[in-house]
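With chain A's structure known, arrange chain B on it following the hints.
Here the protein sequences come in this chain order: A and B. If you count the first sequence from 1, position 149 lands on 149 in this note's numbering, and the numbers rise without skipping. If you count the second sequence from 1, position 3 lands on 3 in this note's numbering, and the numbers rise without skipping.
Keep in mind the hints are simulated off the structure, nothing from the lab. Please read all numbers here as calculations on a predicted model, not as lab measurements. Be careful, since some hints might not be right.
Claimed, not checked - The calculated lysine-lysine pairs, modelled on DSBU-like cross-linking and capped at a C-alpha distance of 30 Å, are:
| no. | chain 1 | residue 1 | chain 2 | residue 2 |
| --- | --- | --- | --- | --- |
| 1 | B | K2 | A | K291 |
| 2 | B | K2 | A | K174 |
| 3 | A | K250 | A | K357 |
| 4 | A | K291 | A | K195 |
| 5 | A | K281 | A | K357 |
| 6 | B | K38 | A | K291 |
| 7 | A | K127 | A | K88 |
| 8 | A | K8 | A | K254 |
| 9 | A | K334 | A | K164 |
| 10 | A | K195 | A | K174 |
| 11 | B | K2 | B | K24 |
| 12 | B | K21 | A | K291 |
| 13 | B | K2 | A | K195 |
| 14 | A | K8 | A | K250 |
| 15 | A | K88 | A | K254 |
| 16 | B | K21 | A | K195 |
| 17 | A | K247 | A | K281 |
| 18 | A | K195 | B | K24 |
| 19 | B | K38 | B | K24 |
| 20 | B | K38 | B | K2 |
| 21 | B | K38 | A | K281 |
| 22 | A | K195 | A | K8 |
| 23 | A | K174 | A | K291 |
| 24 | A | K127 | B | K2 |
| 25 | A | K195 | A | K127 |
| 26 | A | K230 | A | K357 |
| 27 | B | K21 | B | K2 |
| 28 | B | K38 | A | K8 |
| 29 | A | K8 | B | K2 |
| 30 | A | K334 | A | K88 |
| 31 | A | K164 | A | K127 |
| 32 | A | K230 | A | K334 |
| 33 | A | K174 | A | K164 |
What the hints assert, rightly or not - The calculated label-pair distances, taken between Cβ atoms and stated as ranges, are:
| no. | chain 1 | residue 1 | chain 2 | residue 2 | range |
| --- | --- | --- | --- | --- | --- |
| 34 | B | N10 | A | C393 | 48 to 58 Å |
| 35 | B | E56 | A | R366 | 48 to 58 Å |
| 36 | B | E56 | A | E368 | 51 to 61 Å |
| 37 | A | R43 | B | N10 | 44 to 54 Å |
| 38 | A | E360 | B | E56 | 46 to 56 Å |
A virtual CB, placed ideally from N, CA and C, is assigned to each residue, including glycine.
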Amino acid sequence: MSIVRALKCRECGQEYPIEPTHVCEFCFGPLEVVYDYERLEGRFTRELIESRPRTMWRYKELLPIDGEPSVGAQNGFTPLIRARNLEKVLGVSELYIKNDSVCYPTLSFKDRVVSVALSKAVEFGFKTVACASTGNLAGSVAANAAAAGLTSYVFIPHDLEQGKVVGAGVFGTKIVGIDGAYDDVNRLCSEIAGKYGWAFVNVNVRPFYAEGSKTYGYEIMEQLGWRAPKHVVVPMASGSLCTKIDKAIKEFVKLGLVEDAGTAVYGAQATGCSPISRSVKEGSDLIHPVKADTIAKSLAIGNPADGYYANRVIRESGGWAEDVSDAEVVDAIKLLAETEGIFTENAGGVTLGVTRKLIEQGRIPRDESIVVCITGNGLKTLEAVTDAVDRPCVIKPSIHEFDALVQAEGERCAA
Amino acid sequence: MKLRLYLTFNEDTVREPIIWKLGKQFDVVTNIRTAEVKDHMGLVGLEIEGADDVVERAVAWLGEQGVQVSPIEQNVLEG
Chain A
1 MSIVRALKCR ECGQEYPIEP THVCEFCFGP LEVVYDYERL EGRFTRELIE SRPRTMWRYK
61 ELLPIDGEPS VGAQNGFTPL IRARNLEKVL GVSELYIKND SVCYPTLSFK DRVVSVALSK
121 AVEFGFKTVA CASTGNLAGS VAANAAAAGL TSYVFIPHDL EQGKVVGAGV FGTKIVGIDG
181 AYDDVNRLCS EIAGKYGWAF VNVNVRPFYA EGSKTYGYEI MEQLGWRAPK HVVVPMASGS
241 LCTKIDKAIK EFVKLGLVED AGTAVYGAQA TGCSPISRSV KEGSDLIHPV KADTIAKSLA
301 IGNPADGYYA NRVIRESGGW AEDVSDAEVV DAIKLLAETE GIFTENAGGV TLGVTRKLIE
361 QGRIPRDESI VVCITGNGLK TLEAVTDAVD RPCVIKPSIH EFDALVQAEG ERCAA
Chain B
1 MKLRLYLTFN EDTVREPIIW KLGKQFDVVT NIRTAEVKDH MGLVGLEIEG ADDVVERAVA
61 WLGEQGVQVS PIEQNVLEG
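Looking at chain A on its own, in the form it has when it is part of the complex (with noise of 0.2 Å):
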C-alpha cells in the first residue's frame, strides 16, 4: 500500500503530483516526498516487517514506489556490527559500525538509492536511464539497469581513473567521458538531464532517489533492537544522507516502532573539502562553495545540494561537524580494518575519523551508543592506503629462512 502524498517543495511548500521532477516551479527550491503517515496506523508493526525477506524493500511502504520493485529486489539489509575492539581503542562504551561496503550488488550506499530511483524509473515508463559520476553512482547506475534490463548512460570526466570506468563499463553501459573542469562538467550534465527524456537519477527522479537512504536508517534501528542510537556518524557529500537518516528516525518514531532517544546527527566531510562542516562550525546557515582537493573523492562535492538542509538537520538534533586530513583518513581506514576486519574506501576512514575526533573532543559522550556509517568498500579506493600498508616479507622456499623471519618477529613484538 502506497502512503505517498505529494511532492512537496522544501522552501515554500508548493505542493506537486507524483511525476519525474524536482525543483519548485515557483522558487527553484528542491522537492520531497511527502506521505500521508496516518494510513499506516496500526498497520506497519515489527512483526510485519520481520516476517519479510531481509532487503532494504521490507520498508516499502515508506518508500515512493507503487508496487512491489522492479529493480534491486535483494539490495540492502547490510550488516550492523558491534565493534567491540574498536570501542577499547576509542575508549568508548557502545559502538557500532552499519556496514554499506558489502551492499549488494556494487558494494555502497548507492545500491539502495538507485535501486528506489530506477524502481520510480520504470514505474514511470522510462526505458533508458543515466547519471554523471566519478565513482560508486555509476558502478550502481550500470549494475542495476543491467539486471532490470534498462539502457543506461553514464557521464564521467574524461581523466577517471581506469579502474573506476571498467567498474561501471563492464556492465554494458555507455559510458560518456567530458573533457572539462568540474563545473563544466557538472553544468552539460545538467543540460543533458534537461534535454534527454531519460531518468536521471539524480536530477529528474531525485526526489525518489534519496528516499532510498531512509533505508539504511530503518536498518540501523531494527537491528539495535527496535532502538534509535543516541549518537549517529554520516559522511557528507551532498548532505542528503544526513537529512535522510534523521528523517527515518523521525518516521520510525511517528509511527512508535521505536522510541524517541533524541538522536543527535553529526556530519563528517574531509577538510579539503569540507562547506557543510565549515558552516556548522562558524554557526552559518549559509554554504560557501569550494574546490574540492582530497583523496575522499566520493564525497568531493564542493557545492553541496543539501547543505543547508543537512547542516539544520546537524544543529537541530543536537550534533556536530568535523572535517579530519587525508593523513587522518588513511589512518581510519587502516584502524577499522586492524580491529574489525573491515577494509572501507576513503569515505569511511572520513566517517570514522571525525567520529575519533567528536569523541576526543567530548563532543559525544563515551558512555551511549555511538554507529558509525560506512558506505563504500576499500577494494574500490586501493591507491589510498597502498603506500600505508606493510609490504610483505620476501623469503626463499627454504623452511630456515622461514624460521629465521618467525624469530625475528618475536624479537621485534617481545622488544
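Chain B only, in chain A's frame:
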C-alpha cells in the same frame, strides 16, 4: 535556450550589480526566482534565456566576474 542557474556571489562580488551588467552586455532575458543576500555572500536563483551561443557566452562572462555558476541541481556529478 533557457538555463536555470544558481549564482553564488562572494564577499568581493556581492555588492556589484552584476546581473544588471549581464543584461546590458548580452541579449538575454534574466529572471530572478529566488535570492538571499548577506554581508559576505549572496545566492541567486536565476533563469537566463536567449540564443544558445549568447547564453553560453553570458555564463562564461559571469564566471570571469568571479561569480560561481552552477545548475539549479548544484551537484549533478556525484561520487
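Evaluation of the provided hints:
no. : hint                       : result
1   : K2/B x K291/A              : holds, 27 Å
2   : K2/B x K174/A              : holds, 27 Å
3   : K250/A x K357/A            : holds, 27 Å
4   : K291/A x K195/A            : holds, 27 Å
5   : K281/A x K357/A            : holds, 14 Å
6   : K38/B x K291/A             : holds, 21 Å
7   : K127/A x K88/A             : violated, 51 Å
8   : K8/A x K254/A              : holds, 19 Å
9   : K334/A x K164/A            : holds, 22 Å
10  : K195/A x K174/A            : holds, 18 Å
11  : K2/B x K24/B               : holds, 18 Å
12  : K21/B x K291/A             : holds, 26 Å
13  : K2/B x K195/A              : holds, 11 Å
14  : K8/A x K250/A              : holds, 18 Å
15  : K88/A x K254/A             : violated, 35 Å
16  : K21/B x K195/A             : holds, 29 Å
17  : K247/A x K281/A            : holds, 23 Å
18  : K195/A x K24/B             : holds, 28 Å
19  : K38/B x K24/B              : holds, 25 Å
20  : K38/B x K2/B               : holds, 27 Å
21  : K38/B x K281/A             : holds, 18 Å
22  : K195/A x K8/A              : holds, 24 Å
23  : K174/A x K291/A            : holds, 28 Å
24  : K127/A x K2/B              : holds, 26 Å
25  : K195/A x K127/A            : holds, 16 Å
26  : K230/A x K357/A            : holds, 17 Å
27  : K21/B x K2/B               : holds, 19 Å
28  : K38/B x K8/A               : holds, 27 Å
29  : K8/A x K2/B                : holds, 24 Å
30  : K334/A x K88/A             : holds, 16 Å
31  : K164/A x K127/A            : holds, 25 Å
32  : K230/A x K334/A            : holds, 26 Å
33  : K174/A x K164/A            : holds, 14 Å
34  : N10/B x C393/A: 48 to 58 Å : holds, 54 Å
35  : E56/B x R366/A: 48 to 58 Å : holds, 55 Å
36  : E56/B x E368/A: 51 to 61 Å : holds, 54 Å
37  : R43/A x N10/B: 44 to 54 Å  : holds, 52 Å
38  : E360/A x E56/B: 46 to 56 Å : holds, 50 Å
In summary, the numbered hints that this structure violates are 7, 15.
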